[in-house]
Every structure is written in structure tokens, then in C-alpha cells.
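Trainee: The chain contents come next:
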Amino acid sequence: MIDVSWGEQVVFYILAPIAVIGALGMVMARNAVHSALWLVLTMLSLGVFYIVQAGPFIGMVQIIVYTGAIMMLFLFVLMLVGRDASDSVIETLRGQKVAAIALGVGLGVLLGTGLYRGTVDLTPVGLAEANKNGNVQGLASLIFTKYVWAFEVTSALLISAAVGAMILAHVERRKDERIGQAAMMKERFLPGNYPGPKPGPGVYATSNSVATPAKLPDGNPAQRSISPILPLRELEPAEKADKHTLTGGHQS
Amino acid sequence: MWSIVDGYLGSYAPLGLLALVGVLIVGGGFFANSLLRPRRPNAAAGKRDTYECGLDPVPGGWAQMQIRYYLYAYLYVLFAVEAVFLFPWAVVYLQAGLAVIAEMAIFVGVLALGLLYAWRKRALTWQ
Amino acid sequence: MDKLKLPDMDYVALLPMLALFVAACLGVIIEALVPRRFRNIIQLVLSIVALAVAMFFVVKQSGEVVASKALTAGGAIMIDHAALFLQGALIVLGFVALLLFGERSLEFGGPFVAQAAVTVGSERDREQTGRELGSTETFPLALFSLSGMLLFVSANDLLTMFVALEVFSLPLYLLCALARRKRLLSQESALKYFLLGAYASAFFLFGVAMVYGFAKAVDFKAIHAEALLGEGNSLLLIIGLALLAIGLLFKVAAAPFHVWTPDVYQGAPTPVTAFMASCTKVAAFGGLLRVLYVGFDGLGWQFTPVLGAIAALTVLVGSILAVTQTDLKRLLAYSSVANAGYILIGVIAGQQLGLTSVLFYLVAYGFTVIAAFALISLVRDADGEATHLSRWAGLGARSPLYAGIFTFILLAFAGIPLTSGFIAKLSVFGAAIDGGQTWLVIIGVITSIILAFPYLRVVVMMWLSEPGESTPSVSIPGGLTSTALGIGTLATLVFGVVPGPLLDLAEKASSFVR
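Protein chains in written order, with UniProt numbering: chain A, 1 to 252; chain B, 1 to 127; chain C, 1 to 514.
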């Protein structure tokens, strides 16, 4: 039996359920932002586990890089795709979901029992030796000697990621697209242009979406008031109906 | 009883104590608030009536974010990962001599190329 | 604390990797500093020079391999005969594929999109499709990927191998998203490849952790020794190997880890597909061979039946699904799945004969598949490449030369004598019979016959149908595509008629140093 100090046990029995709840919450939360926050909970718990298991550096990295930087990236992605964007529930392959759940649970059980049987009578060795000069120093002496090649090659990984992010997310302006203030003003007042500010989108009691056009005096939608890439949003009958906002919610 | 502050986990005892104090302060603040505040804050007359000029909240006020924000987030993550390697390097480079300093110089130099690329593509200026 | 000492580096042995890495970094600088219209030619020349330098040092090194000195960079890299053969193959195949990257004469601006960040279908997108020069970041990305592959086939521990896996995969995910035409399909393929690839990498990493738990080390020699010793709980070792194998089999596109292949091959720009189909296969099989033959050969009796079942499933899935395809790129994707199965049969065959056949097969298939995709990039209409099968009907009457070359390539895929495909299959099956895996050979032969059907259907369509209104014309290829097509076709012919030299080379290379 592995000898575990009582402090470690206390931390484990408090945080392990929290980590599992966080993981379940991440999968089950309907709202994507909530899902991300559940994931933060799990990652923080994992970070504390690492620290408790005598790996303070990896624990701190887990908290700084994962719960800090990478979670932030997740939230950015959520803001890009939309908080309300939900999965399509139509299955392209019939029975896929059931099969996936069955196989996933099967793999989990297989790995879980295998790992349990593999580690139940294991004697951990080498911790004291690895942390002899201090945890971070021990890591450093491996990264910068034995695994120096892998370390340097990581820079290739990071730079291709940077170049890739630039390619996929950055629109480069051509030289002729970058025009100065004077030229821009001249162009603005050329005949055929509309020099005034464009009207904002329609703001109604029932809808203030950016996709709802404002109305011209004659009642027609003003095409200038919405961005050309947005599909025109027609009000649904329910939205058009009188909401009795002026009468305080009471039918008059 | 002080024996628990020894050893590896014991060295985290001050941290745990600090966390506990933090929880106590925040929790105490909320508790004090709950003692001081009116019992039923929403019961004041007219509090829940619709504001004269207000809109009916209609769901779907979300607008898609510009992808350029993502670029900054991504570059930040890259350099956060770089910093992870800088920490262990910082504790050993004095003892380790020139070779290790050169290693890190190469690593940072290659990443700086990424910054050069981003700068020349005008990704760092807001357009 | 002790002074850290940098391990001995045999820089000459590492030069092939270094050359590609430095060239890729220079490529990024060129992207930052050189005007757009000069970039393509500069990047192309730089890449070719780097590949030539790398190849020179691979050849130079291959004469000087000494088993005791093969290990370098602190035990992280093993430059033995097999590693050098695979590195050489990667460099040559990468060179041929990069020629396709640089082609600008088939379409204005080349095969890659000018600005991948522009919204698909927007005004700006329509503008850039016909009028803007393609992005040339593809060259440094491909070079990063290639240098990762060189490291992958020579890595001597699982940690280095994992980093190499990521270094060669990440640029591939990006490259897939950069097609000039049919951009949504291209972006979808990149996303699918990325998600599944990340998942497979996670399996690989999990496997590394398990193996470390068993062997208390990640280098192959220690794993081998610990596995032979048989102490400790071998459950961890077996779980670890299974998870490692999942990660690697995903990269070689073996069933049931092949599902990404058709979508990605179809959506990616055709030069990138050619690059993936040839180089990724070589690298992934190189890694698989090293893991199985160097680290885990003591477990042969345990993994051979499982790998056998996977190989059988792979050839069956690949060949049967190839029959139903109506898109040429998808057809070739399933054919590539089936070919991964044939190579796996060679891997299972074991011994030197099996290794030789695998190395030969990888090179022969790599050349043929690049030629096939080079030809697909030629048949185009106003919307880009016309890859639907029906569009190729009657091509033989329109341009007999290219239809003839494509027929030859398809016959090579089908394994008809006088092509490299025949020799490759023959040597793999021969090795498998020698290794006592006759049942796999029977399945292999049956599926080869099934697989011949879709190939022959294309051949029949090209020659025996009348060209219709919608039959596209074959573009006159520029110098680069012609060179790539010529090299691929010639290699297919030469390795089919005089396979001796390459087989000898593969045989000499078929030994790993532990």
C-alpha cells in the first residue's frame, strides 16, 4: 500500500469530487460560458493536485497557462462562435451518438480497471531523487541537457502556431487600401456617395438586433442601416404583436 | 502540533492560511452585508415596474466578436508558453554557463521571428 | 548544485534537420520582409536549396554510420541506417511535393488562397480568388513539417517523438485550410483534421505516461530492457503500447482511425494532399516501425494479432469503400487507406524482409501518389479542379498523353506488373508469408482485386466514353508540375522495371540500432 500523508489525503478527498463535478458540469452545462467556467474549476483542482504531489512547478504552470491563458483563448472562441450557438442535433450517421457513448464508456471502463490493476500494488520510486536539488532545478537540468533538442524544436512548434494564427485570423491590407485622411474625405464627398453617417439598425420595443433594419419615413426598411453581410431579419408575428409595454403589461 | 507545518506540504501551510483568511474576509463581508441590508430589497413600490422608455428585453442581443481580438489572445498564449520555459531557465542559468544561455537565446530568437512576422504584417497596430 | 553540461551533439548528423529548420525560419523572415510578388520564387529556391543540403548530408552520413556513435543529442536522436533511409525518402518526396506548391501557371496566383482570413463568399473573397497572389507561408510551414518528420523517424525516446509528432502535424493542419477554391470544404477539412489529430496526440501522450510508469524511462532502450526483464506490472506497458499505437495508427490512416482521411484529402489543396499522402505516410510508418521494432519488440506475440486484425480491417475498409466513391480525391484517399493496410501487413511480417518491404513500399507509393495528385491538379474547369468522376469521362480522347499517364499510375496502384506497385505488393506479401502471416496475404490479394475495380472503372471511363460538354480540358502544366509528374511517373516505372537498387538500399537500411 502506498503511504500517503494525511494532508494529501484531506486535499484529495475535498478536491477530487470537485474536479469530477467540474468535468461533468463542463459536459452537461447548456450554456457554453458556464461550460468553460466548470472547466476552470477542474483545471484549478488538477493544479492543486500537482502541487500536493510534490510537483509545484507543473501545478503552477497548470494554473497560469491552462486556467489563465488557454481558458482565455476558449472564452475568445466562444465569443467568436456565439454563446448561444448550439450543436446541431441532427445525426448524419444514425445511431452514432449511442455508439459513441457506448464505446466511450467501454474505453473508460477498460482504461480505468486496467490502470487500477496496474497501479494497485505499485511502489512509487525516485521522487526524492528527482526533487533533490529542488523541483524546478531538477526540471531545468533535464530540459536544458537531455531533452535540449526537444526543447529547441518546441520553438518550431510555437512559431508555426504563431504564423498559422496570423494566416487564419489576420487580414492584411493591401498598400492601395491604406488611404490617408485627406483622400478618404475626398472620396466621401464624391458625387454618388452618401457622406452622412449611416443610420443605426432599427430599435423597436420588440427587437434591437443589429440585423433588424431601421424604417424609412415611408415604412420601408432602410437597407443602409444594417451591415451588408447580415441576413435581413424580419420580425416574427409574435415579436410584431403588441406587448402592452406602454400599459404596464396590462391589457387595456 | 507545529509538526504539521514541517515537510513539503507544511510549506504550503501559510498559503492555505492565507486562502482561509481570504475566504473569511469575503464571506464575512457578505455576512455583514446581509445583516445590514433591508430584509426584502425588491419589495419597494414601483421597483419592478417597466421603466418608461425601456425596451422589452428580447433574447439575442449577442453580436459576433471581431476575429482580430483572437489574434492577440493567441499571441499572448504563445508567449505564456514561452514563459513556462523561462522559469526553470531562470533558476539555473547562473550555474549552468554559456551553453544554457545560448540555448535560451536560440529559443527566444526563433519566437522573436514570429513577433517580427506579426509586426511586419501590421497585426500589432489597430486598423 | 551540479553544473549543467550540454550533451555531446553530432552536428553533422543533425544537419539535415537543422538545414530545414533554419530554412523555414528564413522563410518566415522572407514573408515578413520581401514584397509579395517575389516571394514565391525566393521561397521555392530557398526550400530546394535547403532540401539539397539536407539530402547531401544524409547521403554523406549514410556512409559513416557506426552503431556505437549513432546516438546523439543526449540520447534523444538515433541516426541509424533506417533513420537515414527514411530521412532521405522524406527529403526526396518532400522536394517533389514542394514543386507542386510552387506552381503558378495552372491558375493565377497558385493553388493557395491569398488571404485565408477573408470571409468565404464575401465580396473581398471573390475579388481575391482571381486576382491576388497566393500566400507563400506554405513553404516555411511545409519545411517545419518536414523537419519535424525527420526528427520523428529518428527520435530515440517517446518524449522527443511526441514533440516531433506535434511539429510535423501542426503545419499540416494549417496547410489544409489554405485552398484557393472550394474554401469552405478546405476549412472544414482542416478543422476535422485538427480536432481528430489533437485527440490522437492526446492518446499518444497518455500512452507515453503509461509506458513511463512501467519502465521509469521514456527511451526505447530502457523500455526494451525493462520489458525483457518482465518485472513490474506489465498491464501498464500494454495499455501504454495500445495508446501509443492509436496515436500512430491515426497518422498512418489505418482503420478504424481512418475516418478523417477522405474528408481531409478531398478538402485540402491538392499539393498539400500530395505532401500528406506521401511524406506523412513515410514519417508515421517510420515512427511506428521504431516504436514496435526498437522499443516493444519483446511484446511481439502480444501486439501482432491485434495489428493483424487492424491491417485486415484497414485493407477491407479501404478497398470496399473505394468502390463506392464518385470523387477522384476521395477515391485516392480510400486507396491510401488500403495502402496503409498493405504496409501494415509488411510491418507485421517482421524480420529484415518485412522491414525491407515496408521501406520499399513507402518510397514507391510516395512517388506514385504524388504523380496521381499532380495529374488531378491539371484537370480543371472554370471553378478549379474537376474531381468528380463523371467529369473525367472521355478524357482519353481530349488529351491522350495525360490520360495515358493517369492510366499507368492507376495500374501501378492496382499492382499490375512492370510498375512499382507490383513489386511493392509482391515484396510485402512475400515477407508476410515468410513471417507466417499467410491469412493476411490472402485478404491482401482479395482486396487488391476489389481495389482494382474502381481504378479500372476510371480507366474505362477515360478511354471508352465519348467526351461530353462538361468534360474539362487538361491544362498545360508549367515546368514545376511537369517535373513533379515526370519524376513520379518515371519512379513508378523505374522501380517497377529495375527495383533492384532501391530494394538493395532498403535492405541495407533495414536495421535499427537500439
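Hints are computed from structural coordinates only; laboratory data are not their basis.
Heads up, the beta-carbon is just placed ideally off N, CA and C, and yes, glycines get one too.
A couple of the hints might just be wrong.
[To be verified] Listed next, the in silico PhoX-like pairs over lysine-lysine satisfying Cα-Cα at most 25 angstroms (straight line): (1) 221(C) x 5(C); (2) 69(C) x 132(A); (3) 192(C) x 146(A); (4) 198(A) x 186(A); (5) 146(A) x 216(C); (6) 192(C) x 132(A); (7) 221(C) x 146(A); (8) 5(C) x 146(A); (9) 5(C) x 216(C); (10) 198(A) x 215(A); (11) 192(C) x 97(A).
[Claimed, not checked] Beta-carbon label-pair distances, calculated as ranges: (12) 31(A) x 119(C): 24 to 32 angstroms; (13) 216(C) x 73(A): 50 to 58 angstroms; (14) 64(A) x 99(B): 26 to 34 angstroms; (15) 16(A) x 38(C): 56 to 64 angstroms; (16) 216(A) x 397(C): 32 to 40 angstroms; (17) 20(A) x 38(C): 24 to 32 angstroms; (18) 26(B) x 218(A): 29 to 37 angstroms; (19) 186(A) x 397(C): 27 to 35 angstroms; (20) 216(C) x 20(A): 44 to 52 angstroms.
Trainee: Indicate, hint by hint, whether the structure satisfies it.
Mentor: Comparing the hints with the structure gives:
no. : hint                                : in the structure
1   : 221(C) x 5(C)                       : 22 angstroms, holds
2   : 69(C) x 132(A)                      : 31 angstroms, violated
3   : 192(C) x 146(A)                     : 35 angstroms, violated
4   : 198(A) x 186(A)                     : 18 angstroms, holds
5   : 146(A) x 216(C)                     : 15 angstroms, holds
6   : 192(C) x 132(A)                     : 44 angstroms, violated
7   : 221(C) x 146(A)                     : 15 angstroms, holds
8   : 5(C) x 146(A)                       : 9 angstroms, holds
9   : 5(C) x 216(C)                       : 23 angstroms, holds
10  : 198(A) x 215(A)                     : 13 angstroms, holds
11  : 192(C) x 97(A)                      : 18 angstroms, holds
12  : 31(A) x 119(C): 24 to 32 angstroms  : 27 angstroms, holds
13  : 216(C) x 73(A): 50 to 58 angstroms  : 35 angstroms, violated
14  : 64(A) x 99(B): 26 to 34 angstroms   : 27 angstroms, holds
15  : 16(A) x 38(C): 56 to 64 angstroms   : 59 angstroms, holds
16  : 216(A) x 397(C): 32 to 40 angstroms : 60 angstroms, violated
17  : 20(A) x 38(C): 24 to 32 angstroms   : 57 angstroms, violated
18  : 26(B) x 218(A): 29 to 37 angstroms  : 58 angstroms, violated
19  : 186(A) x 397(C): 27 to 35 angstroms : 58 angstroms, violated
20  : 216(C) x 20(A): 44 to 52 angstroms  : 29 angstroms, violated
Violated hints, in rising order: 2, 3, 6, 13, 16, 17, 18, 19, 20; the structure is consistent with all others.
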